[in-house]
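**Q** Based on the hints, put chain B in the right spot on chain A.
Each chain is listed here by its residues.
Number of protein chains: 2
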Amino acid sequence: MKTEKELLRFLKQGDKEYLSNITIDCVIFGYHERQLKILLGSWKGLNGLGLPGGFIKKNEPISQAALRILKEKTGLDDVYLEQFHVFGDTPYRVNNNAIHPSIAKSWLSGRTISVGYYALVEFSKVTLEPDILIDRYEWHDVEGLPPLLFDHNDTIKTALHHLRINLYHKPIGYTLLEKKFTLPEILFLYETLLKRKLDRRNFPRKLVSLGLIKDTKEVRKIGQHRSPKLYSFDKKNYDRALKEGIVWAI
Amino acid sequence: MKTEKELLRFLKQGDKEYLSNITIDCVIFGYHERQLKILLGSWKGLNGLGLPGGFIKKNEPISQAALRILKEKTGLDDVYLEQFHVFGDTPYRVNNNAIHPSIAKSWLSGRTISVGYYALVEFSKVTLEPDILIDRYEWHDVEGLPPLLFDHNDTIKTALHHLRINLYHKPIGYTLLEKKFTLPEILFLYETLLKRKLDRRNFPRKLVSLGLIKDTKEVRKIGQHRSPKLYSFDKKNYDRALKEGIVWAI
Chain A
1 MKTEKELLRF
11 LKQGDKEYLS
21 NITIDCVIFG
31 YHERQLKILL
41 GSWKGLNGLG
51 LPGGFIKKNE
61 PISQAALRIL
71 KEKTGLDDVY
81 LEQFHVFGDT
91 PYRVNNNAIH
101 PSIAKSWLSG
111 RTISVGYYAL
121 VEFSKVTLEP
131 DILIDRYEWH
141 DVEGLPPLLF
151 DHNDTIKTAL
161 HHLRINLYHK
171 PIGYTLLEKK
181 FTLPEILFLY
191 ETLLKRKLDR
201 RNFPRKLVSL
211 GLIKDTKEVR
221 KIGQHRSPKL
231 YSFDKKNYDR
241 ALKEGIVWAI
Chain B
1 MKTEKELLRF
11 LKQGDKEYLS
21 NITIDCVIFG
31 YHERQLKILL
41 GSWKGLNGLG
51 LPGGFIKKNE
61 PISQAALRIL
71 KEKTGLDDVY
81 LEQFHVFGDT
91 PYRVNNNAIH
101 PSIAKSWLSG
111 RTISVGYYAL
121 VEFSKVTLEP
131 DILIDRYEWH
141 DVEGLPPLLF
151 DHNDTIKTAL
161 HHLRINLYHK
171 PIGYTLLEKK
181 FTLPEILFLY
191 ETLLKRKLDR
201 RNFPRKLVSL
211 GLIKDTKEVR
221 KIGQHRSPKL
231 YSFDKKNYDR
241 ALKEGIVWAI
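Residue numbers (the UniProt record's numbering), protein chains in the order written: chain A, 1 to 250; chain B, 1 to 250.
With the rest of the complex left out, here is chain A (with noise of 0.2 Å):
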């Protein structure tokens, strides 16, 4: 919880700890028993909803300083993030509107380019803490949302549509399923990201023949009738395809 003196002297000299005109975005898409959803934050004094963000540390690598953010607004450690895109077209990036009062004169009234980071979180796991800027947080269904603050609505129609190519060419889940889980539930998984159904028959044996899963010989026993088998994650091919790419087809 960051109190009103540190908000002061952040206003006052947090050039001195961090880079300006530049700032991260992030995108915190929660999953949860077959819904998405994302995370806004009602912003102090601004009388609306936005991304949570913040400032890469003078001399923090950026990836560093993504981690860091994440980890200070949702408590996680352990999760997917991507870089997909820098915001520095927008009339609100590029005529430098110091909309808050109390900025206006301060370091962070200069112009921003934002580094759009996003983040695959299980949120039940989540622990939201208001930070400096930010009041508190809601979860908000990705579909419908209202206006938001500064060029945020494009930030996540930009990070919803890099997130679902990406689908195409990295594997996904290792932090959003159980160790062992159903193809029922990774289709579910696949299918919720996507938004668009998948053929059930065809797209787990892809997953299957190209490595990235394995079936482990167990079985989940969830009725008299009904034991699914249980697969894992090889996390050598796992690894080895997010770091890489993979091509499905083509």
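It is possible that part of the hints are untrue.
As the list claims (entries may be wrong) - Restraint-style ranges between C-beta atoms, simulated for each label pair:
{"no.": "1", "chain 1": "B", "residue 1": "Leu-194", "chain 2": "A", "residue 2": "Ser-209", "range": "16 to 24 Å"}
{"no.": "2", "chain 1": "A", "residue 1": "Ser-102", "chain 2": "B", "residue 2": "Val-247", "range": "41 to 49 Å"}
{"no.": "3", "chain 1": "B", "residue 1": "Lys-236", "chain 2": "A", "residue 2": "Asp-78", "range": "44 to 52 Å"}
{"no.": "4", "chain 1": "A", "residue 1": "Lys-125", "chain 2": "B", "residue 2": "Lys-229", "range": "53 to 61 Å"}
{"no.": "5", "chain 1": "B", "residue 1": "Glu-218", "chain 2": "A", "residue 2": "Val-208", "range": "45 to 53 Å"}
{"no.": "6", "chain 1": "A", "residue 1": "Arg-164", "chain 2": "B", "residue 2": "Asn-47", "range": "44 to 52 Å"}
Stated by the list, open to error - Residues on chain B that point at chain A, a partial pick, calculated with CB under 8 Å:
{"no.": "7", "residue": "Ile-22"}
{"no.": "8", "residue": "Ile-62"}
{"no.": "9", "residue": "Ser-63"}
{"no.": "10", "residue": "Gln-83"}
{"no.": "11", "residue": "Gly-88"}
{"no.": "12", "residue": "Asp-89"}
{"no.": "13", "residue": "Arg-111"}
Source of the hints: derived by calculation from the structure; they are not laboratory data.
Quantities reported herein were computed from a predicted structural model and do not represent experimental measurements.
Glycine included, C-beta positions come from ideal geometry on N, C-alpha and C.
**A** Then chain B, alone, in the frame of chain A:
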């Protein structure tokens, strides 16, 4: 051509015109007669090759800055240009080591984060123009590059990865092929960029079935018994696919 006087003025007061801390690196791929090259520059006073790049004006949208820089270097403005990654992690980016003696005390000595853009150009159309930081340019094969300045080997590797992934989701070729082209011509273009063989029957069929290219009902006479059909892009479908992304298969 930039003079010494202009360089000195840029070092002294460039921060009045440009954002500090952030630059653009241009990965310019040149395609010509089934070859893929990359444009490198000999940086003044640094005894090495690196990517061309530039700075963003205080109130300039960053995608416009990228187009301006590309036009300044190559004379071209109708090119395929994509933002692909922000570089702010390598030791060079974090440690803020001003390696050029003349910039050690200027506004340029601060840490820079770099936004990578890659362009695809027809390299015979390019007019190269030395600039304020670069003496002369050279085209190099993308394979087997020498060690480059800064973190530019990483930048190029990442650009190639993104270019190849992108080919599965965006059409390319509109500025690289003649208005009317044969199926082998577009097949070779994709094979060169992807650096792998494609199915020479199925691949063009997919382009047609996606509506990206269409039969012009004309042929090209290239011999007594050879007159392959000519195709053209369907500009409406092409532009939509560029904007929304396509999915070939999963």
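**Q** Run every hint past the structure and note whether it holds.
**A** Here is what the structure says about each hint:
no., hint, verdict
1, Leu-194/B <-> Ser-209/A: 16 to 24 Å, "21 Å, holds"
2, Ser-102/A <-> Val-247/B: 41 to 49 Å, "46 Å, holds"
3, Lys-236/B <-> Asp-78/A: 44 to 52 Å, "45 Å, holds"
4, Lys-125/A <-> Lys-229/B: 53 to 61 Å, "57 Å, holds"
5, Glu-218/B <-> Val-208/A: 45 to 53 Å, "47 Å, holds"
6, Arg-164/A <-> Asn-47/B: 44 to 52 Å, "45 Å, holds"
7, Ile-22, "6 Å, holds"
8, Ile-62, "3 Å, holds"
9, Ser-63, "5 Å, holds"
10, Gln-83, "6 Å, holds"
11, Gly-88, "3 Å, holds"
12, Asp-89, "4 Å, holds"
13, Arg-111, "7 Å, holds"
Going through the hint list in order, the structure satisfies each hint without exception.
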